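Visitor: Starting from the known structure of chain A, fit chain B onto it as the hints suggest.
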Amino acid sequence: NAGVTQTPKFQVLKTGQSMTLQCAQDMNHNSMYWYRQDPGMGLRLIYYSASEGTTDKGEVPNGYNVSRLNKREFSLRLESAAPSQTSVYFCASSDFREETQYFGPGTRLLVL
Amino acid sequence: ILNVEQSPQSLHVQEGDSTNFTCSFPSSNFYALHWYRWETAKSPEALFVMTLNGDEKKKGRISATLNTKEGYSYLYIKGSQPEDSATYLCAFINDYKLSFGAGTTVTVRA
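Chains as they are written, first to last, in my numbering: chain A, 7 to 118; chain B, 4 to 113.
Don't take every hint at face value.
Unchecked claim - Computed cross-link-like contacts, EDC-like style, restricted to lysine to aspartate or glutamate with a CA-CA straight-line distance of at most 20 Å:
| hint | chain 1 | residue 1 | chain 2 | residue 2 |
| --- | --- | --- | --- | --- |
| 1 | B | Lys-62 | B | Asp-20 |
| 2 | B | Lys-61 | A | Glu-105 |
| 3 | B | Lys-72 | A | Glu-104 |
| 4 | B | Lys-100 | A | Glu-105 |
| 5 | B | Lys-60 | A | Asp-44 |
What the hints assert, rightly or not - Output of the computed footprint for chain B on chain A, the stretches with three or more beta carbons under 8 Å from beta carbons of chain B:
| hint | region |
| --- | --- |
| 6 | 24–35 |
| 7 | 100–113 |
None of these hints come from the bench; they were simulated from the model. From a predicted model like this one, the values you see are computed outputs, not experimental measurements. Glycine included, every Cβ here is placed at the ideal spot set by N, Cα and C.
With the rest of the complex left out, here is chain A (with noise of 0.2 Å):
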């Protein structure tokens, strides 16, 4: 039972540049999420998918994109990185919105 899984860990972009952040669960949760962890900011939501083929905005959605592309998977696209997208960013799942999260481990993006 792998829990929450990210890809990669760490990417490094140049402004400008696209890339999909994925996130897989494998514990059958409903729910699913993404949020930006930012220095004295704790985690900010970006997106969230409350159940598979529904996806809606956080708190911070411009320059982002996701897909739901089935109950385990919820990526994150950056379409044209810019270095205030400079971040780490965490997955979370949980059974559904307002029961415990499970996150991932994380993957660090840094923006040239």
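Guide: Coordinates of chain B only, in the frame set by chain A:
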């Protein structure tokens, strides 16, 4: 954006001492309040899920209380140990949004 505030931002505790800190959140449309423990270089791990006004939860030396009418939750650490050093996050969930506080970073000095 939901206003979830945690105070203090950081605190230093002597080993063996007890401490507590606060999470404040909007008192309307309450659904759930979560507490997470986040150690450096790791991922956040759940401590408590609290849903009812007056809830008290306990896990070892750590406990939490909830007051949904006035919009606050306290986390208590009794007899702090160096392994309690971490950032403690609260997350507020109402019927349409979810928001984390910025965390309280606890450093326990031996």
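Visitor: Next, verify each hint and record whether it holds.
Guide: These are the hints, each one checked on the structure:
For the suggested pair B:Lys-62 and B:Asp-20, the alpha carbons sit about 17 Å apart, so the restraint of at most 20 Å is met. Straight-line distance between C-alpha atoms of B:Lys-61 and A:Glu-105 comes to about 17 Å, which keeps the hinted pair within the 20 Å bound. Distance restraint check for B:Lys-72 and A:Glu-104: the Cα-Cα separation of roughly 18 Å lies within the 20 Å cut-off, and the hinted pair is therefore satisfied. Proposed proximity of B:Lys-100 and A:Glu-105 is supported: the alpha carbons are some 13 Å apart, at most 20 Å.
For the suggested pair B:Lys-60 and A:Asp-44, the alpha carbons sit about 29 Å apart, so the restraint of at most 20 Å is broken. Only residues whose beta carbon comes within less than 8 Å of a beta carbon in chain B count, and the region 24–35 of chain A has 0; fewer than three means the coverage is violated. Given as covered by chain B, the region 100–113 of chain A passes the check, having 10 residues with a CB less than 8 Å from a CB of that chain where 3 are the minimum.
Checked against the numbered hints above, the structure violates hints 5, 6; every other hint is satisfied.
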